[in-house]
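Single-letter residue listing:
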Amino acid sequence: MEQSQGTPQGGGLMARYRRGEFFCELTSPRAAGQEALQALFSRLDGLDEETLRRRIAAAEEELYDLGITFTVYSDKDAIDRILPFDVLPRVITAPEWSVLEAGIIQRVTAINLFLDDLYHDQRIVADKVVPADLVLGNANYHAFMKGLKVPCGAYSHVCGIDLIRDQEGLFRVLEDNARTPSGVSYVVENRNLMLQCFPDLMEGFGVRSVDNYGLMLRQALEEIAPDTGSEPKVVLLSPGIFNSAYFEHVFLAREMGVPLVEGRDLVVEDDRVFMLTTAGRSPVDCIYRRIDDAFLDPKVFRPDSMLGVPGLMEAYRKGAVSIANAPGTGVADDKAVYAYMPRIVKYYLGEDAILPNVETFICREAEGLKYTLDNLDQLVVKPVGESGGYGMILGPKATRAELDEFRAKLKADPANYISQPMIGLSVCPTLTAKGVEPRHVDLRPFAVTGAKTRVLAGGLTRVAMKEGSLVVNSSQGGGSKDTWVLE
Amino acid sequence: MSELLSRNADCIIWLARYMERAENLARILGVAETFSRDQAGRNWLAVVQINADEERFFARHRVADAHTVPHFYILDADNPNSVISSVRAARENARSLRPLLSTEMWRQLNRMSRWMGGLSANAVSQANLSALCTEIKEACQLHLGITEGTFYRDQAHYFYWLGKNIERADQTTRLLDIKYHTLLPRVEDVGSPLDTSHWGALLRAAAGYQAARRVLGGTITPKSVAAFLLFSDSFPRSVILCVRQMDWLLAQLRSRYHLRGGSRAMELLDELRAALSDQTIDHVVDHGLHEFIDWVQSQLILIFSEIRETFCQSR
Numbered sequence: 001m002e003q004s005q006g007t008p009q010g011g012g013l014m015a016r017y018r019r020g021e022f023f024c025e026l027t028s029p030r031a032a033g034q035e036a037l038q039a040l041f042s043r044l045d046g047l048d049e050e051t052l053r054r055r056i057a058a059a060e061e062e063l064y065d066l067g068i069t070f071t072v073y074s075d076k077d078a079i080d081r082i083l084p085f086d087v088l089p090r091v092i093t094a095p096e097w098s099v100l101e102a103g104i105i106q107r108v109t110a111i112n113l114f115l116d117d118l119y120h121d122q123r124i125v126a127d128k129v130v131p132a133d134l135v136l137g138n139a140n141y142h143a144f145m146k147g148l149k150v151p152c153g154a155y156s157h158v159c160g161i162d163l164i165r166d167q168e169g170l171f172r173v174l175e176d177n178a179r180t181p182s183g184v185s186y187v188v189e190n191r192n193l194m195l196q197c198f199p200d201l202m203e204g205f206g207v208r209s210v211d212n213y214g215l216m217l218r219q220a221l222e223e224i225a226p227d228t229g230s231e232p233k234v235v236l237l238s239p240g241i242f243n244s245a246y247f248e249h250v251f252l253a254r255e256m257g258v259p260l261v262e263g264r265d266l267v268v269e270d271d272r273v274f275m276l277t278t279a280g281r282s283p284v285d286c287i288y289r290r291i292d293d294a295f296l297d298p299k300v301f302r303p304d305s306m307l308g309v310p311g312l313m314e315a316y317r318k319g320a321v322s323i324a325n326a327p328g329t330g331v332a333d334d335k336a337v338y339a340y341m342p343r344i345v346k347y348y349l350g351e352d353a354i355l356p357n358v359e360t361f362i363c364r365e366a367e368g369l370k371y372t373l374d375n376l377d378q379l380v381v382k383p384v385g386e387s388g389g390y391g392m393i394l395g396p397k398a399t400r401a402e403l404d405e406f407r408a409k410l411k412a413d414p415a416n417y418i419s420q421p422m423i424g425l426s427v428c429p430t431l432t433a434k435g436v437e438p439r440h441v442d443l444r445p446f447a448v449t450g451a452k453t454r455v456l457a458g459g460l461t462r463v464a465m466k467e468g469s470l471v472v473n474s475s476q477g478g479g480s481k482d483t484w485v486l487e
Numbered sequence: 001m002s003e004l005l006s007r008n009a010d011c012i013i014w015l016a017r018y019m020e021r022a023e024n025l026a027r028i029l030g031v032a033e034t035f036s037r038d039q040a041g042r043n044w045l046a047v048v049q050i051n052a053d054e055e056r057f058f059a060r061h062r063v064a065d066a067h068t069v070p071h072f073y074i075l076d077a078d079n080p081n082s083v084i085s086s087v088r089a090a091r092e093n094a095r096s097l098r099p100l101l102s103t104e105m106w107r108q109l110n111r112m113s114r115w116m117g118g119l120s121a122n123a124v125s126q127a128n129l130s131a132l133c134t135e136i137k138e139a140c141q142l143h144l145g146i147t148e149g150t151f152y153r154d155q156a157h158y159f160y161w162l163g164k165n166i167e168r169a170d171q172t173t174r175l176l177d178i179k180y181h182t183l184l185p186r187v188e189d190v191g192s193p194l195d196t197s198h199w200g201a202l203l204r205a206a207a208g209y210q211a212a213r214r215v216l217g218g219t220i221t222p223k224s225v226a227a228f229l230l231f232s233d234s235f236p237r238s239v240i241l242c243v244r245q246m247d248w249l250l251a252q253l254r255s256r257y258h259l260r261g262g263s264r265a266m267e268l269l270d271e272l273r274a275a276l277s278d279q280t281i282d283h284v285v286d287h288g289l290h291e292f293i294d295w296v297q298s299q300l301i302l303i304f305s306e307i308r309e310t311f312c313q314s315r
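Going down the list, the sequences are from chains A and B. Residue numbering for the first sequence follows UniProt numbering, starting at 1 and increasing by one per position. Residue numbering for the second sequence follows UniProt numbering, starting at 1 and increasing by one per position.
Calculated directly from the structure, the hints in this document are not laboratory data. Be careful, since some hints might not be right.
Unchecked claim - Derived SDA-like pairs (lysine to any residue); straight-line CA-CA distance at most 25 Å:
{"id": "1", "chain 1": "B", "residue 1": "Lys137", "chain 2": "B", "residue 2": "Ala207"}
{"id": "2", "chain 1": "B", "residue 1": "Lys137", "chain 2": "A", "residue 2": "Tyr64"}
{"id": "3", "chain 1": "A", "residue 1": "Lys318", "chain 2": "B", "residue 2": "Arg315"}
{"id": "4", "chain 1": "A", "residue 1": "Lys299", "chain 2": "B", "residue 2": "Arg315"}
{"id": "5", "chain 1": "B", "residue 1": "Lys137", "chain 2": "A", "residue 2": "Asp65"}
{"id": "6", "chain 1": "A", "residue 1": "Lys299", "chain 2": "B", "residue 2": "Gln313"}
Said to hold, decoys possible - Short derived list, chain B residues pointing at chain A, Cβ under 8 Å:
{"id": "7", "residue": "Ala9"}
{"id": "8", "residue": "Pro99"}
{"id": "9", "residue": "Trp106"}
{"id": "10", "residue": "Asn110"}
{"id": "11", "residue": "Arg111"}
{"id": "12", "residue": "Ser314"}
Just so we're clear, the structure is a prediction, and the values are computed from it rather than from any experiment. By construction, the Cβ of each residue, glycine as well, lies at the ideal position given by its N, Cα and C atoms.
Work out the full structure, taking the sequences as your base and the hints as a guide.
What follows is the structure, encoded as structure tokens:
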């Protein structure tokens, strides 16, 4: 395939690399910051494939030894599984990052204002910017939160916004993960691995550090903790060792230097939360929870939950303990609400969204459903309530039979679906069995909000390891890359 | 962070116990292998007996021999008392404790667990058993060395050593008991050259042969070996040394970390320590070594459940 002008040509490792019709994170020309990309291209080109593979094998061994794993729900036999690490990094130039950072802060600010409004005055509903039934009738809208004042007005303290880059190189928001997004541990561990196994690859590029995430998060959690006059006691609440993200819970507890607790380690007495220690009960001020809303407190949510803490919500309501993320943030990252996000940004901030959405058709609306049914073979259709790529269909890649089957499902429950045009995700040079080839990637940066919003200068780049695949989810065989944000 | 979750205290005690158990299983199998070389294999049954596993074992195997016993105690993941089950249980506990452990401890446990999982049945064949037992022992010792050198010394450290010492004391009594079971059917062998060589092997399995040679002088008798394993002030695996350590660790937890409770466990430890320091080996043997060992084991069980109830199950 013809390469556009300005595309670097390699003579070594990168000699046969062709990015095809997609935007390439390394080789596509851009307005500014090009020099660093070219320098990296040359450095990669000078690498010897065999040496590289040997070092990767060592790196994988290291990952295995350290038990850095990701549970895949559908694969019952493999409890521990490595999230494959691709050694060729994904680079974000300084000018690109400044746009991303501003866009993310803007979006997170809007999400928090939106949630605050939904749980207080509901102006946005009264002004008919967002349909009432979509948000107030949403399964993730918790009446429990109505009128409750949360510290710093922050609901989504940790937000992981999924971004993709289209064929023109424009970053677009694909999904807002405002509940308990995971993956940040891979951002830091991938970097550690890179520094340990490939320090020569990084040298001299001015890659921004990601190892301050634990401090960032702890600081935000201390900012939202109730004032007790002494240093706030923060804990991380995990469902336990069988959870798919347990590794990350361990990682975060360690990086923050706080206890990793399970529901059974906590009790509520007189609306105060305590953890059970060898010396008796010890008060807790702030909980970073990595369990879903439904399991937090059997007295308020699912009565059969064994993971939560009875009475927790009452202590929370009385302001005796802070919880991050706040319960009920799921109403803001609903895939149908997503379609309204540009208008939500505009409504609260009076600004246009810095990061555009992907065009979205809402199947709960007659017009959106008709368009989706008429163009099913051109669209990506997703159930609004699922995550991780489960239950979706990629129209252009589906067989006739699959399309027919999906059409029936869609007609039976249109409100459960949205559709979007198939975006030609950007690619990144990736080491495959056949040498260096383009593979599609996305990006999940992490924003942490306490008194203000801070964005970690990096992100989780997921890569679809299968040739041509656009599905990057780890649950669907995706891998990850170290993500370099340049100074 | 000087506080320790009760649940974590429990996990750390078990982590230490399981790793110590794995090491001692390898020691016991090593000595049984030595015995069996000259006794037509009948000593393998003793291993099953000292672990009180008769029921579980014979539900699976018809005979206790050089093939079935090592497999049962090393590779059988369905046997909760096997090396592989112990190592896996240790790793599961370590998973819960991951934020408290050093990366190096975690890494080695992962590696050991993976290595054990990859062993084939051939690894426990008679020709390979001795070498395998040595490797298991060394892996456990590597764990201990890494722990000594990297594990942060707060409360968790004390609970780790409590678990370690309680298991070690228990295992030393079991090692001693193996001779009781082995010799019972042939009283006439007592004191014979064969018998003496068995007691030597027993000491070697406990890593006490050289030291015992030094302190016991020329005579290795059943009584002197038993006295050494029970009462030695300086042998790291002797029962009394483990009990003294536990006593000290518990006192540290109570004074240094102001942990309330545990006084009943302290009383029980005092009682056990007194029994071990006040009695002569002649007295113990006259009243029955096996009975004495049984009593020590039941006291250890009581102490362990006191410690767990007090510190690991707070409500």
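field: Indices of hints not satisfied (ascending)
entry: Hint check: nothing fails, all pass.
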